Amino acid sequence: MTNKAASRQRKEKACKTLVMLCGLLIIALVIVIALFLVVNGSGTFIQYHHSVFEFLFSSDWDPSDTPGVGGGKVGALIYIVGTIYTCALALLIAVPFSLAAAIFLSEISPKFGARFLQPAIEIFVGIPSVVYGWVGMTVLVPFIAKKFHAPMGGYSVLAAGIVLAIMIMPTITTLSADALRSLPPRCKMGALGMGATRWQAIYTVQVPMAKSGVITGVILGLSRALGETLAVAMVIGKTRAFPKGILYPTNNLTAAIAADMGNTANGSEYNLALWSMALLLLILSLICIALIHLTLKKKKEY
Amino acid sequence: MSDNKDKIVVDHMDLFYGDFQALKDINLRMPEHEITAFIGPSGCGKSTLLKSLNRMNDLVEGCKITGKIEIDGQDIYDKKVDVNQLRKQVGMVFQQPNPFDMSIYDNVAYGPRIHGIKNRSALDEIVERSLRGAGLWDEVKDRLKRNAVGVSGGQQQRICIARALAVEPDILLMDEPTSALDPISTSAIEDLAMELKENYTIVIVTHNMQQAVRISDRTAFFYLGEMVEYAPTDELFATPKNPKTEEYITGRFG
Amino acid sequence: MNERSTHARSRGVDHFMTGIFYIVGGSAILLLLVLATYIVIKGIRSYYPGVMGFTDAGIGNQLFNTVYLVVLSLIVSVPLGMAAGTYLSEYAKQGKLTEIITMSIEALSSLPSIVIGLFGYLVFILMTGAQSNLLAGAMVVTILSIPQITSTTRDALRALPDDYRTGSVGLGASTFQTIWHVLIPACIPRVVTGIILVAGRGFGEAAALLYTTGQSTIIDWSNWNLASSTCPLNPLRPGETLALHVWMMRTEGSVVQHSTEIANISSMILVIAVLVFNLAARLLSARIVKKNRGA
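Protein chains in written order, with the numbering used here: chain A, 1 to 302; chain B, 1 to 254; chain C, 1 to 295.
Only chain A is shown next, with the shape it has when bound in the complex (with noise of 0.2 Å):
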């Protein structure tokens, strides 16, 4: 008897550890990950000595392929342009997009937009990248081409930004729209009550009471739309020139690793600068992550 409950036990035990190494292997997941983006990425500097601000801030970039031979110039500069043009139009496009979607799935038609928005909101995200990547070039692309006679046949940052748009839209919206619904309601009562229409009340007191949860929105969708591979890789142009316009093809840094890191000798100057631009893009999604946990930090409950 005493047997089989030491042997129960035992198992009880045996099954608690071995979930909680479930839960620690997620830990060791992500200090992994971590760890290797770090050594590969930090490569260009300290075996290469560049410097981080060659880095970041210069716009020659003619890596050497043959590893262990050095010398050539590593500056990121317009990718990192890229990135950053194509994600502010990517927001420009979604923000007021997204937060009017919002507004009219807790505001306006909750019936309509819980049967008809909700579920189409879900379908855009499960999209998967390729398709979005795969309609802008064969429709968009020509698109932007022949409307805007756009040079390079319409590959341009305003197709990536329109595409990245569409797909971090869904993020925002139900970011907005549940942050808008967790409002109690006798703050919109509060102005109802005083006389505001509808719309007075949604962009006098009820947007600026839920604007923490907007802004954790808008922060996860630049997030997804750092990290964007290969929809952007399609419509963008892979031009490593700095774009003079929306309408111009330029290069970011996801499409860049994801073109060049097959064609690179492991451990030259040129994948390892590749590999710091993976790092680059780790360290701006985790200062995403902090972000949002600033934002919600500040965030006042009513």
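In short, the hints are calculated from the structure, not lab data. Just so we're clear, the structure is a prediction, and the values are computed from it rather than from any experiment. Just so it is clear, CB atoms sit at the ideal spot from N, CA and C, and this is done for glycine as well. Among the hints, a few may not be true.
Unchecked claim - Interface residues of chain C toward chain B, partial, derived using beta-carbon atoms under 8 Å:
no., residue
1, Glu3
2, Thr6
3, His7
4, Ser10
Stated by the list, open to error - Just so you have them, the derived chain C footprint on chain B, three or more residues with Cβ under 8 Å:
no., region
5, 80-92
6, 109-117
Stated by the list, open to error - Derived pair list, reagent style PhoX-like, types lysine-lysine, alpha-carbon separation capped at 20 Å:
no., chain 1, residue 1, chain 2, residue 2
7, A, Lys211, A, Lys297
8, C, Lys93, A, Lys13
9, C, Lys96, A, Lys297
10, A, Lys244, A, Lys147
11, A, Lys211, A, Lys299
12, B, Lys24, B, Lys64
13, B, Lys68, B, Lys80
14, A, Lys300, B, Lys145
15, B, Lys80, B, Lys64
16, B, Lys5, B, Lys68
17, C, Lys96, A, Lys16
18, B, Lys5, B, Lys197
19, A, Lys300, A, Lys211
20, C, Lys290, A, Lys111
21, C, Lys93, A, Lys16
22, B, Lys244, B, Lys24
23, A, Lys244, A, Lys146
24, B, Lys68, B, Lys79
Got chain A; can you put chains B and C on it based on the hints?
Showing chains B and C alone in chain A's frame:
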């Protein structure tokens, strides 16, 4: 009891939420410059009636009203009535203080601004007058730029009253305005209500019968969607005519 | 008085803005409908004989690879994720460790998939010296899926009423017996809904697989020797997935015959898969709601 003329007249009014009848054949006249209290157990319809007086029930889906509610002789459910104008005329203070997430000044100036006043000095004047009216001016005059969400509950509620006064309403509806407050803040609000009736007509919903006795001129008792009894407050509490009223005010139910 | 005109204007603006919101909401739905219809029609019109075949001219092999890869990844990610979720909900105490795990989940789920793909490339390909293979791709998709399966399981368990626990423990069951026999079965529908959505994501993933699964597929459907690199079921052979195939058709479009048609049809299949996965998840959660109402 004064002979003030009737400000609000409710005439054979029924209210439905979908198939459910929440108010049954309500008839009630509330005179100017008096405080009328609505009492009764939870779910008796007293808050519903209050919200009908500035058409906040319009916001509830499936809410339908028959009969008439008149303010100054005008049917407020008439198609021609401007709801925004009506709600300006009939201010409302809620159960939970609900200051907006903006400065004290902007909270009080909120109403005048949405009703079209932009002139800065005019707004300054309104804010001061309203905060004085709410008995709050001396406490907050040096920190008008502070966020209203950060002050105490009692002050929040008085900011909300000031906010309601700022649009110069004739009528002030108060929906259990002290139920979320401590006793000191409660008595400040009660004193304020009694001062305000000089210039306003006040309707207050309360769970607290002592409060009704302390401040109101007339009291209406509601039960299961019906108005059981309506009389001058001292009369209703001293010699209730209906046995239900007596049971309620002596604390046997509700 | 001018107050009347102020109100009239406010009401005008209110109507105008309401119109705007309807237009935005409607156009989002319309955009999806147009997009989906366009992709499907384009896919159907691109049909040519042999496209569904298991040869170089068809996409049968890629479709098979995709399904196989998702299955392989789920075999690993589902137990791991559910275990981690169970730990967070049932064992972990409020404290530093739980906080760190939660933060790790958050960090992992926000990492760009290309970054995780590179990590997989480094660990599963470069460090093992293996050729590109399906298993490496499946492991990368596993890493991408674990955060969501973990948090879905955690939330589903937490949503269960405490009666389930006290009732079972009161009968003398141990914590783990309670979890295994009572709690997990009770939250299975919700977890499965989450898993369907995760599978959907794996189905369309491409960036993370760029350097892990390889970009070629050579399968001999008569070869069932698992150790052979042309055996369909050998997880250690290269295996391009459907989503990756769309990407390839674009970069190497000129080389392959029918490349545009292949990309169109593949896109159609991917979109239809998304719709099916979403519909399945939706039906399942609708059933949960119904069941809970009935209870």
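Comparing the hints with the structure gives:
1. Interface restraint check for Glu3 (chain C): the shortest CB-CB distance to chain B comes to about 6 Å, inside 8 Å, so the restraint holds.
2. Interface restraint check for Thr6 (chain C): the shortest CB-CB distance to chain B comes to about 3 Å, inside 8 Å, so the restraint holds.
3. Because the closest C-beta pair between His7 (chain C) and chain B is about 5 Å apart, less than 8 Å, the hint holds.
4. Using the Cβ-Cβ criterion of 8 Å, the hint placing Ser10 (chain C) at the interface with chain B is satisfied: the shortest such distance is roughly 7 Å.
5. Only residues whose C-beta sits within less than 8 Å of a C-beta in chain C count toward coverage, and the region 80-92 of chain B has 3 of them, enough to reach three; the restraint holds.
6. Using a Cβ-Cβ cut-off of 8 Å, 3 residues of the region 109-117 of chain B lie near chain C, which meets the minimum of three, so the contact claim holds.
7. Under the criterion of a C-alpha separation no larger than 20 Å, the hint pairing Lys211 (chain A) with Lys297 (chain A) is consistent with the structure, at around 13 Å.
8. Proximity of Lys93 (chain C) to Lys13 (chain A) is assessed by CA-CA distance (about 16 Å); at most 20 Å being required, the pair is judged to hold.
9. For the suggested pair Lys96 (chain C) and Lys297 (chain A), the alpha carbons sit about 18 Å apart, so the restraint of at most 20 Å is met.
10. Distance restraint check for Lys244 (chain A) and Lys147 (chain A): the Cα-Cα separation of roughly 18 Å lies within the 20 Å cut-off, and the hinted pair is therefore satisfied.
11. This hinted pair checks out: Lys211 (chain A) and Lys299 (chain A) have alpha carbons roughly 9 Å apart, not beyond 20 Å.
12. The suggested pairing of Lys24 (chain B) with Lys64 (chain B) holds, with an alpha-carbon distance near 12 Å, which does not exceed 20 Å.
13. Between the alpha carbons of Lys68 (chain B) and Lys80 (chain B) the distance comes to roughly 14 Å, so the proposed pair stays at or under 20 Å and holds.
14. Of the pairs offered as hints, the one joining Lys300 (chain A) and Lys145 (chain B) holds, with about 18 Å between alpha carbons and a cut-off of 20 Å not exceeded.
15. Our distance criterion of 20 Å between C-alpha atoms is met by Lys80 (chain B) and Lys64 (chain B), whose separation comes to about 18 Å.
16. Pair hint Lys5 (chain B) plus Lys68 (chain B) holds up; C-alpha atoms about 18 Å apart against a cutoff of 20 Å.
17. With a CA separation close to 18 Å, the supplied pair Lys96 (chain C) and Lys16 (chain A) stays within the 20 Å bound.
18. In summary, the hint linking Lys5 (chain B) to Lys197 (chain B) is supported, as the alpha carbons are separated by about 14 Å, within the 20 Å threshold.
19. Proximity of Lys300 (chain A) to Lys211 (chain A) is assessed by CA-CA distance (about 10 Å); at most 20 Å being required, the pair is judged to hold.
20. For a cut-off of 20 Å, the pair hint linking Lys290 (chain C) to Lys111 (chain A) stands: about 18 Å separates their Cα positions.
21. For a cut-off of 20 Å, the pair hint linking Lys93 (chain C) to Lys16 (chain A) stands: about 13 Å separates their Cα positions.
22. Annotation: proposed proximity of Lys244 (chain B) to Lys24 (chain B) holds, straight-line Cα distance about 17 Å (limit 20 Å).
23. At roughly 19 Å between alpha-carbon atoms, Lys244 (chain A) and Lys146 (chain A) fall within 20 Å of each other, so this suggested pair holds.
24. Annotation: proposed proximity of Lys68 (chain B) to Lys79 (chain B) holds, straight-line Cα distance about 13 Å (limit 20 Å).
The structure fails none of the hints (numbered hints given earlier).
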